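Respectively, the protein sequence lines represent chains E and R.
Residues in the first sequence are numbered consecutively from 19, following our numbering.
Residues in the second sequence are numbered consecutively from 78, following our numbering.
Everything labelled a hint here was simulated from the structure, so no lab data went into it.
The reader is advised that the hints may include incorrect statements.
Here are the simulated DSS-like pairs of lysine-lysine, each with C-alpha atoms no more than 30 angstroms apart in a straight line [stated by the list, open to error]: (1) E:K93 to R:K171; (2) R:K113 to E:K222; (3) R:K172 to R:K113; (4) R:K113 to R:K171; (5) E:K93 to R:K172.
Computed list of chain E residues with no C-beta within reach of chain R, every gap over 12 angstroms [what the hints assert, rightly or not]: (6) E43; (7) F75; (8) L83; (9) G183; (10) P197; (11) R228; (12) Q230; (13) Q231.
All values derive from a computational prediction rather than experimental measurement.
Glycine residues also receive a C-beta, built at the ideal position from the N, C-alpha and C atoms.
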Amino acid sequence: MQDFRHPTESAPVNMDTFLLGIWEENPVFVMLLGMCPVLAVTNSVLNAITMGLATTFVMLCSSALVSSLRHHIPKQVRIATYIVIIATFVTVVDYVIQAISLELYRSLGAFIQLIVVNCMILGRAESYASRHGVVSSMVNSLGVGVGFTIALLCLGSVRELLGNGSLLGFAIFGEGFQPWVIMILPPGGFFVLAGWLLLFSWMKQRDARRAQQEEVLHGA
Amino acid sequence: MEHESLSFIFLNALIINNFVFSLYLGICPFLGVSGKIDTAWHMGLATTFVMLVSSVCAFVINSLLVQFGIEYLRLICYIAVIASAVQLVEMTTKKFSPTLFRALGIFLPLITTNCAILGLALFQTFREYDFLQSLVYSIGAGLGFTVAILLMAGLRERLDLSSVPDVSQGAVLSLTLAGILSLAFMGFAGLGS
Numbered sequence: 019m020q021d022f023r024h025p026t027e028s029a030p031v032n033m034d035t036f037l038l039g040i041w042e043e044n045p046v047f048v049m050l051l052g053m054c055p056v057l058a059v060t061n062s063v064l065n066a067i068t069m070g071l072a073t074t075f076v077m078l079c080s081s082a083l084v085s086s087l088r089h090h091i092p093k094q095v096r097i098a099t100y101i102v103i104i105a106t107f108v109t110v111v112d113y114v115i116q117a118i119s120l121e122l123y124r125s126l127g128a129f130i131q132l133i134v135v136n137c138m139i140l141g142r143a144e145s146y147a148s149r150h151g152v153v154s155s156m157v158n159s160l161g162v163g164v165g166f167t168i169a170l171l172c173l174g175s176v177r178e179l180l181g182n183g184s185l186l187g188f189a190i191f192g193e194g195f196q197p198w199v200i201m202i203l204p205p206g207g208f209f210v211l212a213g214w215l216l217l218f219s220w221m222k223q224r225d226a227r228r229a230q231q232e233e234v235l236h237g238a
Numbered sequence: 078m079e080h081e082s083l084s085f086i087f088l089n090a091l092i093i094n095n096f097v098f099s100l101y102l103g104i105c106p107f108l109g110v111s112g113k114i115d116t117a118w119h120m121g122l123a124t125t126f127v128m129l130v131s132s133v134c135a136f137v138i139n140s141l142l143v144q145f146g147i148e149y150l151r152l153i154c155y156i157a158v159i160a161s162a163v164q165l166v167e168m169t170t171k172k173f174s175p176t177l178f179r180a181l182g183i184f185l186p187l188i189t190t191n192c193a194i195l196g197l198a199l200f201q202t203f204r205e206y207d208f209l210q211s212l213v214y215s216i217g218a219g220l221g222f223t224v225a226i227l228l229m230a231g232l233r234e235r236l237d238l239s240s241v242p243d244v245s246q247g248a249v250l251s252l253t254l255a256g257i258l259s260l261a262f263m264g265f266a267g268l269g270s
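Build the full structure now, drawing on both the sequences and the hints.
As structure tokens, then:
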């Protein structure tokens, strides 16, 4: 089924292809996809950025490959093929991060390898890259990746600020600050994400109410 | 790690380091299929079963990979093994127990992308568990997931009957609930030391 907002194969690549993933179809705040890494690695800003970039890279590369192979992959084994393609790029990322910073690698733990089962990436491959050209798929994945990174940053900054009193490792508050430790522990992740979703759903309701009032005014 | 006793591994996977509440694995099915106690129970059972099968497979595969010195293929092998294990489980239940197959139905294919399964396989490799330890670990983790999803389903069934503010309906409420449950599970942390 084609969504009317998704351009077909011949449609030109424009800014919307990119922006769709950041705002309207934000993987975390709107589609609620890829929740596990979102909650698990956002206890500091640095972890959040690394995870966001790693996921974006994997999504970009796998989209490009899936899209260029889309006429050759048999329909019956497509999911298995996508997963193998994704797993290959995740292995690459895994070794690269291990080579750059062992400390960072340890703090992210198994979650780098768990990018494989991030449903967001498989979702992109299945719903977009398998039906569109290489350029269009790459632009779209880049948008979704940036949207994902922004969402991780939103969570990571709040959690690090409240739970550790710092941002990117630099202390923000003075000496007397009592960190709200629960925020960097598991429950904090759930609460902060719930808080962001609450904010967005409140904004959406407010907009809907305003639109309704406008309609009533214009109707009268 | 030889010094970890089997009962400790089991308890550790079941409550102290519960896969959902303290490791954040398997959040998607945890939020997605925790609407009713009945379906949650089936999902939990199916997940436990696949965990058991894939844990055994992962153990065998890993010892093979180590033998040949090609550990960099671990991730690709694991995910392929899990996908085929799910397929196998689906075919076997369809053949031998059609009732169970109908009950599990749509959940089985979904389990492939449950990160708890791959997470389990990776953790048991990192911690260098032997065969029996991996087996106990996978059963503990599976039951832990079942406990988590059942608790959540029970709470959500009660919530359906109460009136909550419009803004906080859906995902917001589920996540807050999960946070409170996770807060409660933090109390078990002392058990490990």
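(request) Could you check that no beta carbon of chain R comes within 12 angstroms of the beta carbon of L83 of chain E? (result) The claim holds: L83 of chain E sits with its nearest Cβ about 14 angstroms from chain R, beyond 12 angstroms.
(request) Please work out if K93 of chain E and K171 of chain R have their alpha carbons no farther apart than 30 angstroms. (result) Roughly 23 angstroms separates the two Cα atoms, so the pair holds.
(request) May I ask you to check that Q231 of chain E keeps its beta-carbon over 12 angstroms from the closest beta-carbon of chain R? (result) Since the minimum Cβ distance to chain R is about 17 angstroms, Q231 of chain E lies beyond 12 angstroms and the statement holds.
(request) Classify the label on F75 of chain E as holds or violated, using whether its beta-carbon is more than 12 angstroms from each beta-carbon of chain R. (result) Holds, because the least Cβ-Cβ distance between F75 of chain E and chain R comes to about 15 angstroms, which exceeds 12 angstroms.
(request) Taking the shortest Cβ-to-Cβ distance between G183 of chain E and chain R, state whether it exceeds 12 angstroms. (result) holds (21 angstroms)
(request) Compute the least Cβ-Cβ separation between R228 of chain E and chain R, then decide whether it is above 12 angstroms. (result) Non-interface label on R228 of chain E holds, nearest chain R Cβ at 15 angstroms vs cutoff 12 angstroms.
(request) Classify the label on Q230 of chain E as holds or violated, using whether its beta-carbon is more than 12 angstroms from each beta-carbon of chain R. (result) Holds, because the least Cβ-Cβ distance between Q230 of chain E and chain R comes to about 14 angstroms, which exceeds 12 angstroms.
(request) Starting from K93 of chain E, check that the Cα of K172 of chain R is at most 30 angstroms away, please. (result) Measuring from Cα to Cα gives roughly 25 angstroms; hence the hint holds.
(request) Given the hint that K113 of chain R pairs with K171 of chain R, test it: the Cα-Cα distance must not exceed 30 angstroms. (result) Distance ~24 angstroms between K113 of chain R and K171 of chain R Cα, so the pair holds.
(message) Against the 30 angstroms threshold, does the CA-CA distance of K172 of chain R and K113 of chain R hold or violate the hint?
(response) Between K172 of chain R and K113 of chain R the Cα gap is close to 27 angstroms, so the pair holds against 30 angstroms.
(message) Checking one constraint from the list: CA of K113 of chain R to CA of K222 of chain E, max 30 angstroms. Satisfied?
(response) Judged against 30 angstroms, a Cα distance of about 28 angstroms means the pair holds.
(request) Would you assess whether E43 of chain E, listed as outside the interface, keeps its beta-carbon beyond 12 angstroms of every beta-carbon in chain R? (result) holds (16 angstroms)
The structure shown violates none of the earlier numbered hints.
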